[in-house]
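2 protein chains.
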Amino acid sequence: MKIAVVAPSSRFSEEAAARVEAIAAERFAGVEIVFHPQCFFRHNHFAGTDEARAHALVTVANDPGFDAVWFARGGYGAGRIAEAAIAALGPAARDKAYLGYSDAGFLLAGLYRAGFPDVAHGPMPQDALRDGGEAAVERALAWLTRRDPASLEGGLEPGERHAAFNIAVLGAIVGTPLEPDLAGHVLLLEDVSEYAYRTDRALGHLTAQRGIRAVAGLRLGRVSDVPPNDPDFGESEEEIARFWCARAGIEWLGRADIGHDAANKVVPFGSL
Amino acid sequence: MKIAVVAPSSRFSEEAAARVEAIAAERFAGVEIVFHPQCFFRHNHFAGTDEARAHALVTVANDPGFDAVWFARGGYGAGRIAEAAIAALGPAARDKAYLGYSDAGFLLAGLYRAGFPDVAHGPMPQDALRDGGEAAVERALAWLTRRDPASLEGGLEPGERHAAFNIAVLGAIVGTPLEPDLAGHVLLLEDVSEYAYRTDRALGHLTAQRGIRAVAGLRLGRVSDVPPNDPDFGESEEEIARFWCARAGIEWLGRADIGHDAANKVVPFGSL
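Which chain is which? The protein sequence lines are A and B, in order. Each residue of the first sequence is one higher than the last, beginning at 1 in full-length UniProt numbering. Each residue of the second sequence is one higher than the last, beginning at 1 in full-length UniProt numbering.
Bear in mind the hints are in silico, worked out from the structure with no lab data behind them. Just so you know, even glycine gets a beta-carbon here, dropped at the ideal spot from N, CA and C. Heads up, some of the hints might be wrong.
In silico contact screen, one side only, chain A against chain B (beta carbon under 8 Å); selected entries [stated by the list, open to error]:
no., residue
1, Asn-44
2, Gly-79
3, Gly-175
4, His-205
5, Pro-227
6, Phe-233
7, Ser-236
Calculated from the model, a selection of chain B residues having no Cβ within reach of chain A, i.e. all distances over 12 Å [stated by the list, open to error]:
no., residue
8, Pro-91
9, Gly-184
10, Gly-217
11, Glu-251
Computed beta-carbon distance windows for the label pairs [unchecked claim]:
no., chain 1, residue 1, chain 2, residue 2, range
12, A, Ala-22, B, Ala-214, 32 to 42 Å
13, B, Leu-129, A, Ala-150, 47 to 57 Å
14, B, Pro-158, A, Ala-92, 56 to 66 Å
15, B, Glu-83, A, Pro-231, 18 to 28 Å
16, B, Arg-147, A, Pro-117, 56 to 66 Å
Pulled out of the complex, with its shape left as it was, chain A reads as follows (with noise of 0.2 Å):
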């Protein structure tokens, strides 16, 4: 079982990844992480130019000598390389897993829609930094490796299909090409610092999308870190979702256990 980290989006760090692989060395035996060097590269906001980015995650997808490419983390820069290297995925990339969430969901979204069969949103090496994060990696090696039911967001349902997103990465993968058809599934979406009146936007932005209306239902995890609005906004994120969700439609179907958090469960795209 061999798993490649490549970094699409923000900065990652060699600490990050020395925890990773201290994790896997003492509950993961006979497991191979792989951090490809463009992990480390640093190109202002991005771990290295959006070409560096592009092509070690084409280089590790195409390789069959790895079973999964793990996104070592978000921030910003996954949505300005997806379109282009999702396009020069061949065979050898769909027989994988993918593994990530928040930023990396611009290619979560893509890979998906060119139906790579074995998407999921959850835990990233940089979730090792995190206070507890060590479930979190742990969390995430558990489905990589042996697809534990116990690393599953509980609420998803056999038969069912799944999505999920952060909401402000979701609001800027809409009416894009990277948007895939979510018509039918159970979307499950969450966020982390942004002010209220900013979700409250967002979320009123997404439901009126029509794809978005499509879907089967709404389910919402936890949006933290919410900086402090003035005035108070005087709703909650629930009472957000709830308002949005009656006037496009679309079925409350209560929360989820996914958020930027160490407790971030893992949510495979589709069907279980």
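Based on these hints, arrange chain B on the given structure of chain A.
Chain B in isolation, oriented as in the chain A frame:
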């Protein structure tokens, strides 16, 4: 000449209203500015509930006694009421001018889409509180009362069609029932208080939309109060806009004299 002011977004203030009234009394004899009482309502983040804001807008727009509707300020909230309010507008509403920018862009978009002939992006009463804001208010009133060509953005060309928006606001409009047909238009964009990575993400999203790819070209206004990116983003707002225009095949037409500041010029939607 009678101008109605309503506040479809965030809370407005008596102080700004008083300054606008003083400017009008001193320099615009015969112009009556009527601040609808709703301007001073408060409901959480907003200048009154959705119902109150929509009702005030519909009332003054449908009142043949007013020549113009001037949006008091931006912030956030117009997108929650725009679709329903515009659907409630009758023939008298088409005979008047509408002026605003920032969050008021939700209304400019929907009104222009609905075929309203006299919709413009430009200063609002709240700008009276800016340093040098008196000039912005005068510029707006000169346009509202006598279509003063000196109020116009300097690069507008007769025979061309134009539209202007805040980047984040237009990003929340595309794909919704408020999105106007901007094919063949010169699109002027500005933004404020966004991290460089967010402007990059927002322009990536916008320039990937089918509707936006149909514009005649893009001009970039001021992008101000940009919080420091950590690490430095390494590209100016102009480099970011040029990057996405080049990738999307949208013609880059240079800078524009609009922005969240006292120098913000008027951009009538459509042809001059």
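Subject >> Nearest-CB test (12 Å) between chain A and Gly-184 (chain B) >> reply: The claim holds: Gly-184 (chain B) sits with its nearest Cβ about 19 Å from chain A, beyond 12 Å.
Subject >> Minimum beta-carbon distance criterion (8 Å), Ser-236 (chain A) to chain B >> reply: violated (12 Å)
Subject >> Verdict for Pro-158 (chain B), Ala-92 (chain A) (Cβ pair) under range 56 to 66 Å >> reply: Once the Cβ atoms are compared, 57 Å apart, the range 56 to 66 Å for Ala-92 (chain A) and Pro-158 (chain B) holds.
Original post:
Can we keep the Gly-79 (chain A) interface hint, with Cβ of chain B closer than 8 Å?
Top reply: holds (5 Å)
Original post:
Does the claim that Gly-217 (chain B) lies outside the interface with chain A hold up, using a Cβ gap greater than 12 Å?
Top reply: Non-interface label stands for Gly-217 (chain B): nearest chain A Cβ at 20 Å, farther than 12 Å.
**OP:** Identify whether the interface hint at Pro-227 (chain A) stands, where standing means a beta carbon of chain B within less than 8 Å of its own.
**Re:** For Pro-227 (chain A), the interface hint is violated, since the closest Cβ of chain B sits about 12 Å away, which is over 8 Å.
Original post:
Would the hint on His-205 (chain A) stand, with a C-beta cut-off of 8 Å toward chain B?
Top reply: holds (4 Å)
**OP:** With 32 to 42 Å as the target window, see if Ala-22 (chain A) and Ala-214 (chain B) comply at their CB atoms.
**Re:** With Cβ atoms ~53 Å apart, the hint is violated.
**OP:** Given the range 56 to 66 Å, decide if the beta-carbon distance of Arg-147 (chain B) to Pro-117 (chain A) lies inside it.
**Re:** holds (60 Å)
Original post:
CB of Glu-83 (chain B) to CB of Pro-231 (chain A), is that within 18 to 28 Å?
Top reply: holds (25 Å)
Subject >> Satisfaction of the Gly-175 (chain A) interface hint, Cβ to chain B closer than 8 Å >> reply: For Gly-175 (chain A), the interface hint holds, since the closest Cβ of chain B sits about 5 Å away, which is under 8 Å.
**OP:** Against chain A, does Pro-91 (chain B) hold up as non-interface, every C-beta pair farther apart than 12 Å?
**Re:** With a cut-off of 12 Å, Pro-91 (chain B) remains clear of chain A, as the shortest Cβ separation is near 27 Å.
Hint compliance for this structure: hints 5, 7 and 12 are not met, and every other hint is.
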